[in-house]
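S.K.: Under the working numbering, the letters of the sequence shown match residues -7 to 124, in that order.
Check the hints yourself; a few may be wrong.
[To be verified] If you anchor each label on the Cβ, the simulated ranges turn out as follows: (1) K104 to T47: 17 to 25 angstroms; (2) M30 to V82: 31 to 39 angstroms; (3) N56 to I13: 23 to 31 angstroms; (4) T3 to D23: 45 to 53 angstroms; (5) K(-1) to I49: 20 to 28 angstroms; (6) L0 to K26: 22 to 30 angstroms; (7) V82 to L9: 28 to 36 angstroms; (8) L24 to L0: 35 to 43 angstroms.
[Said to hold, decoys possible] Only pairs whose alpha carbons sit at most 30 angstroms apart, straight line, appear in this in silico BS3-like list of lysine-lysine: (9) K57 to K104; (10) K116 to K104; (11) K57 to K26.
These are computed hints drawn from the structure, not numbers from a lab. Glycine included, each C-beta is placed from N, C-alpha and C at the ideal position.
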Amino acid sequence: MTINDKKLSITEVRGRLFELIFNMPEAETRDLLKKLEMQWRPKYKERRKHPRKSTFIGVDCAGNKCAFTDFIQNLSAEGLYIDTQLPFFVGQELSMTFSVTNGEAPIKITGKIVRVDSRGIGVKFDARLSNF
């Protein structure tokens, strides 16, 4: 099997790569990782205006005849990601209530779902969170 063989499926190419990496000595594997990260990192710059902060905060949500409680996985001034297994769709509106720190008044904000994946939903706020 040669690297330039265009007859290989993408699955076969990935399988061959995993096989080669699995059989490399640890030092070579770590060196390869550094080289790949250096090559790929500049191509995929962060597109968000506001960086996300990883967190684990309970959130109460309501929208379209449903109410639920789940957990915020990351948060920024303009949106958040909620870890949930409930079915949602892009464009759905939500009202959310959560507390960033104990003792502060809860934040009540509305937003729209902009991303749905197998692990949860991405929500963009209708208004930017101040002081965040």
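S.K.: Does each hint hold? Answer for all of them.
M.R.: Structure-based check of all given hints:
As the Cβ distance of K104 to T47 is approximately 20 angstroms, the hint placing it in 17 to 25 angstroms holds. Separation of M30 from V82 is about 34 angstroms and conforms to the stated range, judged on CB atoms against 31 to 39 angstroms. Range check, N56 to I13: about 45 angstroms between beta-carbon atoms, so the 23 to 31 angstroms window is missed. Range check, T3 to D23: about 26 angstroms between beta-carbon atoms, so the 45 to 53 angstroms window is missed.
Between K(-1) and I49, the C-beta spacing of about 50 angstroms breaks the proposed range 20 to 28 angstroms. Checked against the given bound of 22 to 30 angstroms, the beta carbons of L0 and K26, roughly 27 angstroms apart, stay inside it. Checked against the hint of 28 to 36 angstroms, the pair V82 and L9 passes, with Cβ atoms roughly 33 angstroms apart. Checked against the hint of 35 to 43 angstroms, the pair L24 and L0 fails, with Cβ atoms roughly 20 angstroms apart.
A C-alpha spacing of about 15 angstroms is found between K57 and K104, which places the hinted pair at or below 30 angstroms, so the restraint holds. Of the pairs offered as hints, the one joining K116 and K104 holds, with about 5 angstroms between alpha carbons and a cut-off of 30 angstroms not exceeded. Proposed proximity of K57 and K26 is contradicted: the alpha carbons are some 49 angstroms apart, above 30 angstroms.
Comparing the model with each earlier hint shows violations of hints 3, 4, 5, 8, 11; every other hint is respected.
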